[in-house]
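Participant: Each chain, letter by letter, is given below.
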Amino acid sequence: MSVFIIRRLLQAGLVVVVMSFIVFSGVFMVGDPVEILVSDDADQEERERIIQSMGLDKPFIVQYGLFVAKALQGDLGESFVFNEPALLLILDRMPATMELAVVALLIAVVFGIPLGVWAGLRPDSLASKSIMTGSILGFSLPTFWVGIMMILLFAVYLGWLPSTGRGDVQVILGMPISVLSWDGFSHILMPAVNLALFKLSLVIRLARAGTREVMHQDYIKFDRAKGLSDARIILIHVLKNIMIPVVTVLGLEFGGLVAFSVVTETVFAWPGMGKLLIDSIGQLDRPVIVAYLMIIVFLFVFINLIVDILYSLLDPRVRLQDVKA
Amino acid sequence: MTVAQENLEIVPRGADDAAKFEGVQTPFRRFLSDFCESKLAVLGFVVIVAITLVAIFAPVLAPTDPYDLATVSVLDGRLGPGEAMMSGVTAHLGTDGAGRDMVSAMIYGLRISLGVGIGSGVIAMLIGISVGLFSAYAGGRIDSVLMRVVDIQLSFPAILVALILLVTLGKGVDKTIIALVFVQWAYYARTIRGTALVERRREYIESAVCLGLSERRIIFRHLLPNCIAPMIVVGTMQVAHAISLEATLSFLGLGMPQTEPSLGRLISNGFEYIMSGKYWISVYPGIALLVTIVSINLVGDRLRDVLNPRLQK
Amino acid sequence: MTSASAPTLEVRDLRTYFFTKGGVARAVDGVGFSVGRGKVLGLVGESGSGKTVTGFSILGLVDEPGRVVGGEILYHGENLVTASPDRMRALRGANIAMIFQDPMMTLNPVLRIDTQMIEAVQAHGRVSDDEARQRARDALGQVGIPSPDERLRSYPHQFSGGMRQRVAIAIALLNKPDLIVADEPTTALDVTIQGQILFEVQKLCEETGTALIWITHDLSVVAGLADEICVMYAGRVVEQGSVDAVLDRPMHPYTHGLIGSVPSRNRRGRPLSQIPGMTPSLLSLPEGCAFSARCPRVGEACGSVPDISVPEPGRELRCHYPLQETAS
Chain Z
1 MSVFIIRRLL QAGLVVVVMS FIVFSGVFMV GDPVEILVSD DADQEERERI
51 IQSMGLDKPF IVQYGLFVAK ALQGDLGESF VFNEPALLLI LDRMPATMEL
101 AVVALLIAVV FGIPLGVWAG LRPDSLASKS IMTGSILGFS LPTFWVGIMM
151 ILLFAVYLGW LPSTGRGDVQ VILGMPISVL SWDGFSHILM PAVNLALFKL
201 SLVIRLARAG TREVMHQDYI KFDRAKGLSD ARIILIHVLK NIMIPVVTVL
251 GLEFGGLVAF SVVTETVFAW PGMGKLLIDS IGQLDRPVIV AYLMIIVFLF
301 VFINLIVDIL YSLLDPRVRL QDVKA
Chain R
1 MTVAQENLEI VPRGADDAAK FEGVQTPFRR FLSDFCESKL AVLGFVVIVA
51 ITLVAIFAPV LAPTDPYDLA TVSVLDGRLG PGEAMMSGVT AHLGTDGAGR
101 DMVSAMIYGL RISLGVGIGS GVIAMLIGIS VGLFSAYAGG RIDSVLMRVV
151 DIQLSFPAIL VALILLVTLG KGVDKTIIAL VFVQWAYYAR TIRGTALVER
201 RREYIESAVC LGLSERRIIF RHLLPNCIAP MIVVGTMQVA HAISLEATLS
251 FLGLGMPQTE PSLGRLISNG FEYIMSGKYW ISVYPGIALL VTIVSINLVG
301 DRLRDVLNPR LQK
Chain F
1 MTSASAPTLE VRDLRTYFFT KGGVARAVDG VGFSVGRGKV LGLVGESGSG
51 KTVTGFSILG LVDEPGRVVG GEILYHGENL VTASPDRMRA LRGANIAMIF
101 QDPMMTLNPV LRIDTQMIEA VQAHGRVSDD EARQRARDAL GQVGIPSPDE
151 RLRSYPHQFS GGMRQRVAIA IALLNKPDLI VADEPTTALD VTIQGQILFE
201 VQKLCEETGT ALIWITHDLS VVAGLADEIC VMYAGRVVEQ GSVDAVLDRP
251 MHPYTHGLIG SVPSRNRRGR PLSQIPGMTP SLLSLPEGCA FSARCPRVGE
301 ACGSVPDISV PEPGRELRCH YPLQETAS
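Note that the protein sequences, when read in sequence, are chains Z, R and F.
For reference, each letter of the first sequence is one residue, going 1 to 325 in this note's numbering.
For reference, each letter of the second sequence is one residue, going 1 to 313 in this note's numbering.
For reference, each letter of the third sequence is one residue, going 1 to 328 in this note's numbering.
FYI, nobody ran anything at the bench for these hints, they're computed from the structure.
Each residue gets a CB set at the ideal place from its N, CA and C atoms; glycine is no exception.
Just to be clear, a hint being listed does not mean it is correct.
[As the list claims (entries may be wrong)] Some, not all, of what chain F presents toward chain Z, calculated at C-beta under 7 Å:
{"hint": "1", "residue": "Leu-61"}
{"hint": "2", "residue": "Arg-89"}
{"hint": "3", "residue": "Phe-100"}
{"hint": "4", "residue": "Thr-106"}
{"hint": "5", "residue": "Ala-120"}
{"hint": "6", "residue": "Gln-122"}
{"hint": "7", "residue": "Ala-123"}
{"hint": "8", "residue": "His-124"}
{"hint": "9", "residue": "Val-127"}
{"hint": "10", "residue": "Ala-293"}
[Stated by the list, open to error] FRET-style restraints, in silico, Cβ to Cβ:
{"hint": "11", "chain 1": "R", "residue 1": "Ile-123", "chain 2": "Z", "residue 2": "Ile-22", "range": "15 to 25 Å"}
{"hint": "12", "chain 1": "F", "residue 1": "Arg-126", "chain 2": "R", "residue 2": "Arg-202", "range": "53 to 63 Å"}
{"hint": "13", "chain 1": "R", "residue 1": "Ile-56", "chain 2": "Z", "residue 2": "Ala-231", "range": "29 to 39 Å"}
{"hint": "14", "chain 1": "F", "residue 1": "Gly-288", "chain 2": "R", "residue 2": "Asp-34", "range": "35 to 45 Å"}
[As the list claims (entries may be wrong)] Covered stretches of chain Z (chain F as the covering partner; in silico rule of three or more C-beta atoms under 8 Å from a C-beta of chain F):
{"hint": "15", "stretch": "78 to 88"}
{"hint": "16", "stretch": "232 to 245"}
Using the sequences and the hints, build the whole thing.
Facilitator: In structure tokens, the structure reads:
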């Protein structure tokens, strides 16, 4: 098990290094940051001074080296707009995004797995077909449009839910949380459902496909031959088997949720890091963009690692293969 | 033979027999009749054809030219559905903030959305097929390096990759297509490589090699045609995905410029007015977008069921 | 048939049909037999002859689109065909157990052995975890698995095929059923393992008085194990009787062909006889006797389904032109 984790850690480190290089060369080499940094009426001397202070006159590799050295110390540059460290700006907004993503993930799992399993158990029933058609709809609906429609219906016409912002937050262990108060909950409900829709469809499909496959296995028939109740067969034997692909995909998709919250946060003016990214793009605040990307890369690699480990815990066969390999 | 197989065994034999008695059944006919079993998919296909025709004949069908700055007037801005514009033309679905007739703007917007979606899909497919086939055929280190690149790219969400590309590239049809091609090619490359690797081990490729055919002939005349089915499925789904992604990017203020609004841009424009209850600017283009994407997905879903050899009876 | 006491299980005119898109497949079409306490019945036939479906019918485990459409399955006189799903669930695993063919597939790969054994005990009565575990341990010991405590904490993939089948048999034995339906349980195993398992199963039946239905296509297994034999072909029992009688003096041309196609030491060097043709599709069975198309003794009467005849006491036969004397 420890060999397994060490090997995965090494792989993860390599990906982070490679991605930092790509992000750096991508964002820093395209376009000229001096144009944005230096005001138009600055004279040549002023320009030279800034270029030198930022190390922009040095060769590419040296610049990259400096970037990495600083990044290792937790310095991802300073925002042009806020004059604050970019990292702090993002970390400040991260809890809001994380809460949104976690609530969305919970919605997807809590509703998706039962619906999917049900559709898988009775594939030819009308309800099952409706669920599946609904999931195609969930895949097809562009997130931002659904968000707008939700605002139109629930905020503008019905006036039930607020359309923007985060509402009251309670601070638990240093983390501001919305869902604990009614005001906060009413603010997070729409964005979370909006963000969850796509993943919900995905979970339904995975759970349905998994259920259909597992139900045809001999061991399910053997379970019935043992005289087990249907409830136990489905809740223990089927569920544990389908949890493997669901956990894997959901884990990987959590990063996708965080990334896609860019759209949801923009629609609902949710004060998270996705909205910060869009604002920074609008204001060409490069250090924040780079910092966001590096954090996302880090997040993704970290999530992949966790998923791999979880996967091996859920499926005993993977552990064995790894020991053999 | 497992228990399940013994039970199932009855079915395929019967299916074979049925095929024999029905006489000549070309693979295409069989595919067609399988496909048509799902009425929803047929409906989706009909809608796609209709939408494509509307997009192609946009200049003929649209009541006004939404790009003609001479006729578009801000004074017509935000008219409700059914009100008449200053030119006397009735705006059946209202006008947007700039005074463009929504019907016309949607028809042209559809044209751009479809064009960008299909255009980027086709280019990405060509690139993906080339890379995937090359990778599968070259094998060894080239293959593993290429697939590593594909894996890393696919591990990042398309929206993020496209966002960053457009930040550095700027706005415009060409740039949007480049960004969409960039996020899509890897799906095609991975799919075709996977299929090609399976097909390559089949006997008919071995026999082609034994016959001494040239590599080029083997790849393009023997290998490629057998990889078409999964490509069609991935292709349909990807076009729907690309259209949705383009709309999302336009909504975020990237992608298509304000002067050539795609459906996504139109929805985005209407978002400003949503709180004041001027729903039509966002709702109608959204419905057009939705119908387009759902239709393509319904067809794609059915194609996957029909073309998937593992599910075939 | 021969036992004086009431049989554990009696199947009468069982019909299980599969209603497929391509038509109705009569997987089991008028099968009847009985098996008494401590007896072993061998149910023999090729793939697709309906022997497995017969087994599933007894346990009420026939899946869609299949359905038991007629006949009676009398378990101690209680008709299982009309029994409620709850009643069937209560009987399954407790009174009637089944062992499946492929040991690699019968255990859930993601659950530990103890979970899968304890739940089988607790499905049939309130038994504490400790007691259930104790019974699981005993059952594993009974089928010859060394260090059962350690084995209980393992996952199925940590076992070899033979070990898994022993575990499956142990699970079948957990609640001391008086009827076990074993569906080719040794086919997927090595010959030496097969021998061990056969020996143990036979011993268990004798000791506990459990009735056993052993489904197989392997005549040599039946010869060594069973008391009675039923030969099935295309959903019907074509011949049945005591093992010695049927194997020594087969009367149905199909049984005769089947015996002839078993390789044996005595006939080395001589070509094996074989049955020409293939098992017919259940969707397009020939009119009359299903075997007629492959039968060397086919005659005019074979256009109609032969009735069951009783050529000698304790034997049943479905053939218009039976072999009178032994030919092999």
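Participant: Hints numbered earlier in the text: which of these fail when held up against the supplied structure?
Facilitator: Numbers 6, 9, 10, 13, 15, in rising order.
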